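In the order they appear, the protein sequences are chains A and B.
Counting from 1, one number per residue, gives the positions in the first sequence under the working numbering.
Counting from 222, one number per residue, gives the positions in the second sequence under the working numbering.
Hint data in this document are derived by calculation from the structure and do not stem from the laboratory.
Mixed in with the good hints there might be a few duds.
Stated by the list, open to error - No more than 30 Å apart at the CA atoms, straight line, and that leaves these computed lysine-lysine pairs for DSS-like: (1) B:LYS294 <-> B:LYS263; (2) A:LYS215 <-> B:LYS389; (3) A:LYS39 <-> B:LYS389; (4) A:LYS179 <-> A:LYS39; (5) B:LYS389 <-> A:LYS220; (6) A:LYS179 <-> B:LYS294.
Just so it is clear, the structure is predicted and the values come from calculations on it, not from any experiment.
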Amino acid sequence: MFDFLEGYDLLGAFWVTVQLTVYSALGSLIWGTLLAGMKVSPVPLMRGFATAYVNVVRNIPLTVIMVFSSLGLYQTLGIALGADATEDINFRLAVLALAAYTAAFVCEALRSGINTVPVGQAEAARALGLSFTQVLRLIILPQAFRAVVNPLSNVLIALTKNTTVASAIGVVEASYLMKDMIEAEAQLILIALVFAFGFIVLTLPTGLILGWVSKKVAVKR
Amino acid sequence: MSSVLYDAQGPRAKQRNILYTVLFVLCAAAVVWWVYNGLAEKGQLDWIKWKPFFTSPQPWQTYIWPGLQNTLKAAFFALIIALPLGALFGIGRLSDHRWVRMPAGFVVELFRAVPVLILMITANAVYAEYTTIDTDVRPLYAVVTGLVLYNFSVLAEIVRAGIETLPKGQAEAAKALGMRKNQIMLSVLLPQAVTAMLPAIVSQLVVIVKDTALGGAMMTFPELLASVRPMSANYGANTIACFTIIALIYIALNFALTSFASWLERWLRRNKKEKGTAPGGAPETVGTPSLVIDDGHGV
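Chain B with its partners taken away, still in its complex shape:
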């Protein structure tokens, strides 16, 4: 394995690499040993603290699965509601009319700049003050509302970027055929943009899933993270064990989504290449521009 950044390794470089590897392993081992000792001292690594997860279905049935269900439910509703809203505002920002473009842009920029937690807290307070939503489901409503308000603005930007990166000839050809503006958008631009946007949308789903955890920590929403507290209370303060299991579930879920998104992207790119673009179409570039707009999102 070589790279442009370093030469093929000779005997001395190989020796040096082995030395670095050994040093790195030693450092890592020291950290692991120290953490292990600290945990063992507190009895967090005793089999009794970990046993419930491996020997009985009870913690999974009583705490983890209901928590995971709530996480998935909130993420699903947030995405389903935010998608059409995002499409609407994304298209709105591309409108020819100033009085549509400006307010749409203002709303999108506003909600993109405000932290999701502020939106959730506000939604919760508004529901408590002005509606009669039952206190049992109010956290769910608040979490979904906060997630929708933030993510529709991000999705609006994804939609806008998706439509703007389409070749100009698409809209021009449709115009030449005598299509109306609505027809051009709905039957020419949007369908093409949506397929190109799919990976970005799946990546956004990862962000939504991660943000549901805020509801658990701050709004008493009984999702996956919130299940740690009752679970560790019930199984003898096995905080570390609970956190490990919960973190692994999040990693597995989101890693699957991330992998799916990058697979989708590769698949779409390959598909496009096979079909071939119109002659004299896009010029060859080194890297195909990715639609997952670099918005620091996922952060």
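Just chain A, same shape as in the assembly:
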């Protein structure tokens, strides 16, 4: 029944999806945390920049950012991100686009996490003479991160699904392979089910594990 799968690198394609997810998750976590830090910082210009960034990026389709990273960054500005082969260039551009887009949502999630930290925590930290970066790094962010494991896991699941957009710039991940297979093979519905199942396998454990983690690390108040 599943002999139509022969001759296709199904696992390879999903492996690319996983790689895209992991790299852009790391990138967006770092960049999103920096943005959240800027958004609550004492420097007005940085606050303004973070707010503007989030508002702009949240309201642009990921597809536009993705296609722009290829047509604008690579083909016009010549940014190849240190890769030579077209394959690698497209992969890295896709990671860049996904990270830049997802960071806006990470920033928003973290900011809502910062809001859940009781005012007294920051006041006590300031009373001890900690500076802004110390307050944020030692007191606020550790508690905020524990509070936002669940929202962040939802962002991660959405990111996993969003990696399919990378096929718009020719990254051979799951949806790219699926399009190829659907054109060549007859078992349309079966192919669709196989790929749907693949994404469920990727997203379901993420949600379950991180849901468990979020209960484990939540700050009891």
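Knowing the structure of chain A, use the given hints to seat chain B on it.
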């Protein structure tokens, strides 16, 4: 402007902030300068590439407006079809009957876990294989089908959350009045939930509008993003100019929708406060829980 995170600034802190501001400006200026140089070198900033957008209505009439119309059309149809389906499945998940609750839950969870693009590609192939829908409108059908299948499952969760967050007393009081289950749902719970859900629904519309762009990039659906290619071919490879204009339109459209959603939310909250809830109703909390469920959506 002060915050709980930092003290009111003294002279030294103010000086330090100025230093940070200057450093930040310098970094930003370096990036902007570098991008500017790169673009200027390629001639992307020449007036001739930007002129068509400002001097003649032609690019707007021939490319942008028809593209925008298709974007809006697909988003509108997707929302209109997904809403009743979402309500149906959302209510289905709250049913007392196991054989209704379980399948509804399964379908909703299934479509929530599958990327929209996979749904669009499948819909397109199914329409091509089993129906006689004209190839001109097939992309529209495929895009709308994909969007409906994904968004009805999200809307079902919004509906469910909306009904579940209503005070329990509402259903109990209706039951005490002798209403049937259908009556309770249709004339007591749903009307209250719908008003509370409105901001979340408008936010979901932003997601739908953004996802239509997938149809342009992957399914030859002639929407706003897809208009970049013929437009830049026609006006001398002005890719950057076209992208800038298109991105600005998306930002303006979605920013208006986002602002409308948060305005709606504030308005509903204020309205509720003025009317006042029943005595001994909801306890005071620091922040009123928002119905825009934190589902990572919009992502």
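Comparing the hints with the structure gives:
1. B:LYS294 <-> B:LYS263: 36 Å, violated
2. A:LYS215 <-> B:LYS389: 26 Å, holds
3. A:LYS39 <-> B:LYS389: Violated - the C-alpha atoms of LYS389 of chain B and LYS39 of chain A are around 38 Å apart, more than 30 Å.
4. A:LYS179 <-> A:LYS39: 41 Å, violated
5. B:LYS389 <-> A:LYS220: 26 Å, holds
6. A:LYS179 <-> B:LYS294: 25 Å, holds
Going down the numbered hints, you'll see the structure goes against 1, 3, 4, while the others check out.
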